[in-house]
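**Q** In the order they appear, the protein sequences are chains A and B.
Position 169 of the first sequence, counting from 1, maps to 572 under the working numbering, and the rest follow consecutively.
Position 180 of the second sequence, counting from 1, maps to 241 under the working numbering, and the rest follow consecutively.
Since the hints were made in silico from the structure, they are not lab data.
Remember, predicted model here, so these are calculated numbers, not experimental data.
Where is the CB? At the ideal position from N, CA and C, for every residue including glycine.
Hints are supplied without guarantee of correctness; some may be wrong.
[To be verified] Per the computed footprint, the stretches of chain A lying under chain B, defined by three or more beta-carbons under 8 Å from a beta-carbon of chain B, are: (1) 438-444; (2) 607-613; (3) 644-657; (4) 661-671.
[As the list claims (entries may be wrong)] Derived CB-CB ranges, DEER-like: (5) B:Ser192 - A:Gly565: 28 to 38 Å; (6) B:Pro347 - A:Glu685: 20 to 30 Å; (7) A:Gly565 - B:Ala333: 35 to 45 Å; (8) A:Lys459 - B:Gly164: 36 to 46 Å; (9) B:Gly164 - A:Asn562: 53 to 63 Å; (10) A:Val781 - B:Pro187: 35 to 45 Å; (11) A:Ser759 - B:Leu213: 55 to 65 Å; (12) B:Lys353 - A:Pro705: 54 to 64 Å; (13) B:Arg148 - A:Thr430: 47 to 57 Å; (14) B:Pro129 - A:Lys459: 43 to 53 Å; (15) A:Arg704 - B:Pro123: 27 to 37 Å; (16) B:Ile326 - A:Asn786: 30 to 40 Å; (17) B:Ile326 - A:Pro705: 32 to 42 Å; (18) A:Gln589 - B:Val214: 47 to 57 Å.
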Amino acid sequence: MKAKWQIVMLSAVLAVILSAPVMGADTIKLGGLYNLTGGMSSIDAPALNGAKLQAKLINEAGGVLGKNLEVIGIDTKTDQKAAATGAKKALAMGVVAGLGYGDTTFVMAAAPLFQKKGVPFVTSGATHPMLPKWVGDYMFMVPFGDDDQSFAIAEYTVNKLGAKKVAVWTDNSMDFTKALSKFYKQRITELGGTIVLEDFFMMGDKDFSAQIARLKNADPAPEAVFVSAIPNEAGLTVKQIREAGLTLPIVSGDGFDTELVTTVPGDKLANDVYFSTHTYREDNRPEVLAFVKAYEKEYNRPPENAFAALGFDAVGLIADAIKRANSTDGKALRDALAATKGFKAVTGEISYTRPSGVPMKGVSIISVKNGKYKVEEVWYPKN
Amino acid sequence: MSGGYIAQQIVNGLILGSMYALVAIGFSMIYGIIRLINFAHGEIIMIGAFLTLGLLQKLQLPFPVAAPLVLIAGAVVGIIIEKGAFRPMRGAPQVTGFIASLGVSIMLQNLGILLLTAQPRNFTFPDYLQSVVQIGLVSFRTIDGVIMASALVLMGGLLFLVHKTRLGMAMRATAENIDVARLMGININRTIMATFAIGSALAAIAGLMWGGKFGQIDPLLGFVPGLKSFVAAVIGGVGSIPGAILGGYILGLSEVLFVGLLPPIYSAFRDAFVFSTLILILLVLPNGILGKKMEDRA
Numbered sequence: 404m405k406a407k408w409q410i411v412m413l414s415a416v417l418a419v420i421l422s423a424p425v426m427g428a429d430t431i432k433l434g435g436l437y438n439l440t441g442g443m444s445s446i447d448a449p450a451l452n453g454a455k456l457q458a459k460l461i462n463e464a465g466g467v468l469g470k471n472l473e474v475i476g477i478d479t480k481t482d483q484k485a486a487a488t489g490a491k492k493a494l495a496m497g498v499v500a501g502l503g504y505g506d507t508t509f510v511m512a513a514a515p516l517f518q519k520k521g522v523p524f525v526t527s528g529a530t531h532p533m534l535p536k537w538v539g540d541y542m543f544m545v546p547f548g549d550d551d552q553s554f555a556i557a558e559y560t561v562n563k564l565g566a567k568k569v570a571v572w573t574d575n576s577m578d579f580t581k582a583l584s585k586f587y588k589q590r591i592t593e594l595g596g597t598i599v600l601e602d603f604f605m606m607g608d609k610d611f612s613a614q615i616a617r618l619k620n621a622d623p624a625p626e627a628v629f630v631s632a633i634p635n636e637a638g639l640t641v642k643q644i645r646e647a648g649l650t651l652p653i654v655s656g657d658g659f660d661t662e663l664v665t666t667v668p669g670d671k672l673a674n675d676v677y678f679s680t681h682t683y684r685e686d687n688r689p690e691v692l693a694f695v696k697a698y699e700k701e702y703n704r705p706p707e708n709a710f711a712a713l714g715f716d717a718v719g720l721i722a723d724a725i726k727r728a729n730s731t732d733g734k735a736l737r738d739a740l741a742a743t744k745g746f747k748a749v750t751g752e753i754s755y756t757r758p759s760g761v762p763m764k765g766v767s768i769i770s771v772k773n774g775k776y777k778v779e780e781v782w783y784p785k786n
Numbered sequence: 062m063s064g065g066y067i068a069q070q071i072v073n074g075l076i077l078g079s080m081y082a083l084v085a086i087g088f089s090m091i092y093g094i095i096r097l098i099n100f101a102h103g104e105i106i107m108i109g110a111f112l113t114l115g116l117l118q119k120l121q122l123p124f125p126v127a128a129p130l131v132l133i134a135g136a137v138v139g140i141i142i143e144k145g146a147f148r149p150m151r152g153a154p155q156v157t158g159f160i161a162s163l164g165v166s167i168m169l170q171n172l173g174i175l176l177l178t179a180q181p182r183n184f185t186f187p188d189y190l191q192s193v194v195q196i197g198l199v200s201f202r203t204i205d206g207v208i209m210a211s212a213l214v215l216m217g218g219l220l221f222l223v224h225k226t227r228l229g230m231a232m233r234a235t236a237e238n239i240d241v242a243r244l245m246g247i248n249i250n251r252t253i254m255a256t257f258a259i260g261s262a263l264a265a266i267a268g269l270m271w272g273g274k275f276g277q278i279d280p281l282l283g284f285v286p287g288l289k290s291f292v293a294a295v296i297g298g299v300g301s302i303p304g305a306i307l308g309g310y311i312l313g314l315s316e317v318l319f320v321g322l323l324p325p326i327y328s329a330f331r332d333a334f335v336f337s338t339l340i341l342i343l344l345v346l347p348n349g350i351l352g353k354k355m356e357d358r359a
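Could you put together the complete structure from these sequences and hints?
**A** What follows is the structure, given as structure tokens:
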């Protein structure tokens with residue numbers, strides 16, 4: 404009885420292994436590395452949905468170089484070891500490029516393996532401005548850098564909200580949140596503001612009552628609080644700060660670009676929140692409208708956040724480079740990606756003109772008032 | 062650092078402590094009766110939170126109706142887990158039950174991810190539970206008051222049950238010596254089942270409170286509070302119900318005061334602090350504050 408089951412299992416496994424190359428014979432494979440479960444899932448799952456949608460649309464329009472694009476999604480479970488294993492798995496499947504992640508920590512676990520093999524890796528959402536320097540010349544970014552988004556919201560805090568005394572809360576467990584705070588503090592100080600209180604927490608914390616009591620008692624009283632967090636803590640912090648009766652503006656970066664910011668506190672408490680993010684939300688460029696429409700049709704819901712659009716853009720960027728290179732060879736594809744100029748992405752135009760390798764893109768400042776999102780302005784980097 | 066600031070932090074700690082205490086009680090009762098460290102206990106918090114979400118938001122039941130239903134459903138889940146996973150291995154070495162409970166825990170987490178997806182969901186309580194109450198220098202929300210009051214009521218009811226009823230007597234006898242209790246004609250299976258039911262019902266209610274307090278739930282939410290409640294149970298003395306309550310409050314208070322009174326740079330390390338406290342307590346007071354000395358401690 405036991406032996407019979409083993410044979411059934413073995414043949415099932417063989418069937419999958421043997422049929423995979425047949426199915427993949429005339430497709431161009433892209434490895435989509437994302438954390439579909441765990442703390443990063445609310446960022447990464449929509450990104451993979453966006454990536455798969457773009458591949459589907461491209462295939463419906465005739466594919467690339469006469470072949471279909473296939474995004475192979477790999478769940479790396481918000482675990483860096485799983486990210487490295489996932490990268491090896493994707494490379495073993497013979498992907499022509501990798502894409503993935505909304506966070507720097509996971510890119511740093513996966514991308515160096517692609518670099519070593521000479522296969523380009525495009526991050527859809529990780530924003531650390533040093534990424535291309537750290538990983539190497541096969542690393543590309545779809546989004547802006549953390550320096551740009553922090554500068555944008557810092558200038559907004561001082562110039563538009565008129566807050567010069569600010570408190571800064573930092574999630575101490577991530578490269579992304581620490582970088583965001585660093586650049587924010589730098590620009591606030593440059594603009595003549597002061598940091599009156601710094602406090603910390605850890606990804607996964609649920610109770611912020613102790614930090615909030617300290618914020619309430621800070622002397623001099625802060626005029627705004629910058630919360631450097633990922634989506635998991637975005638709604639929780641807004642809810643608890645407002646519930647404690649504090650009304651000062653809450654500002655943040657693209658970690659706040661999640662519906663949790665309004666759904667968790669509820670419309671009444673989700674007020675006076677400002678964050679910098681990718682130019683996409685509430686935007687009516689034709690690329691954006693077409694993307695939102697296609698996404699709604701495919702998944703029966705509006706895109707969850709900007710990361711869905713960024714995943715969509717990552718696949719578009721790679722497909723564009725494959726076309727221009729007229730090849731899927733690693734070196735040719737890398738050169739074509741590096742030569743990208745004025746690629747009209749949903750999240751803004753992408754050109755790799757800076758020596759840092761970080762694209763020069765606009766940054767949206769979004770306000771949340773009584774649960775409603777509104778684009779206040781679009782900020783552009785000066786150089 | 063003003064008096065109001067410290068008073069506020071103490072209230073914050075008591076609210077958190079109430080939730081730890083409710084979960085720690087179940088931990089302690091189950092250990093006391095069959096010497097099982099049940100790591101799946103934290104997952105009952107998650108199940109309770111999602112049940113509340115379903116009852117309040119999908120079925121639109123009023124809060125006073127939903128709360129007792131969550132209590133009952135938690136008890137049923139506890140009975141199912143006991144019958145399915147732990148009864149078949151009764152009498153096996155302690156470590157077997159411990160490993161089995163880890164297995165149940167991981168299974169329930171993954172079941173949650175499969176059925177509900179790993180995406181966090183928002184969770185809204187009715188408005189009358191969200192309003193802010195200001196007493197002197199201290200402010201908290203109605204829900205926080207409800208959490209503290211109902212934790213006290215439930216714990217009082219439990220102590221009454223254990224010390225003043227026949228079932229409670231049977232439970233204490235079984236905890237004392239399972240074989241002798243059986244010889245005395247106590248229905249062991251029923252007593253153990255009742256223990257799981259009560260412990261799990263309290264954890265499910267803690268899940269309701271968790272969702273109401275933080276407003277955001279996901280299938281993995283039970284793991285860390287489950288571990289912390291285990292720490293609370295150890296601090297108080299595993300097997301002792303008053304110990305679990307005391308441990309829960311001590312842990313909640315010290316966690317908040319650790320963040321509130323030390324320089325902010327240490328704020329991120331509250332969990333490290335909790336688990337270092339566990340090691341320290343085990344070194345200094347191996348039986349916890351109110352625990353009895355036992356030769357066969359795990």
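**Q** All hints are to be evaluated individually against the structure, with a verdict given for each.
**A** Okay, the hints, checked on the actual structure:
1. 438-444: holds (count 4)
2. 607-613: holds (count 6)
3. 644-657: As far as the stretch 644-657 of chain A goes, the hint holds, because 3 residues have Cβ atoms under 8 Å from chain B.
4. 661-671: holds (count 5)
5. B:Ser192 - A:Gly565: 28 to 38 Å: holds (31 Å)
6. B:Pro347 - A:Glu685: 20 to 30 Å: Given about 60 Å between the Cβ atoms, the range is violated.
7. A:Gly565 - B:Ala333: 35 to 45 Å: With a Cβ separation near 39 Å, A:Gly565 and B:Ala333 satisfy 35 to 45 Å, so the hint holds.
8. A:Lys459 - B:Gly164: 36 to 46 Å: Because 39 Å falls inside the window, the suggested range holds.
9. B:Gly164 - A:Asn562: 53 to 63 Å: Because 57 Å falls inside the window, the suggested range holds.
10. A:Val781 - B:Pro187: 35 to 45 Å: Roughly 39 Å apart at Cβ, these two residues keep to the hinted range, so it holds.
11. A:Ser759 - B:Leu213: 55 to 65 Å: holds (58 Å)
12. B:Lys353 - A:Pro705: 54 to 64 Å: holds (59 Å)
13. B:Arg148 - A:Thr430: 47 to 57 Å: holds (51 Å)
14. B:Pro129 - A:Lys459: 43 to 53 Å: holds (48 Å)
15. A:Arg704 - B:Pro123: 27 to 37 Å: Given a distance of about 29 Å, which is inside 27 to 37 Å, the answer is holds.
16. B:Ile326 - A:Asn786: 30 to 40 Å: Holds, since B:Ile326 and A:Asn786 (Cβ atoms, about 34 Å apart) stay within the stated range.
17. B:Ile326 - A:Pro705: 32 to 42 Å: For B:Ile326 and A:Pro705 the Cβ distance comes to about 40 Å; the hint holds.
18. A:Gln589 - B:Val214: 47 to 57 Å: holds (52 Å)
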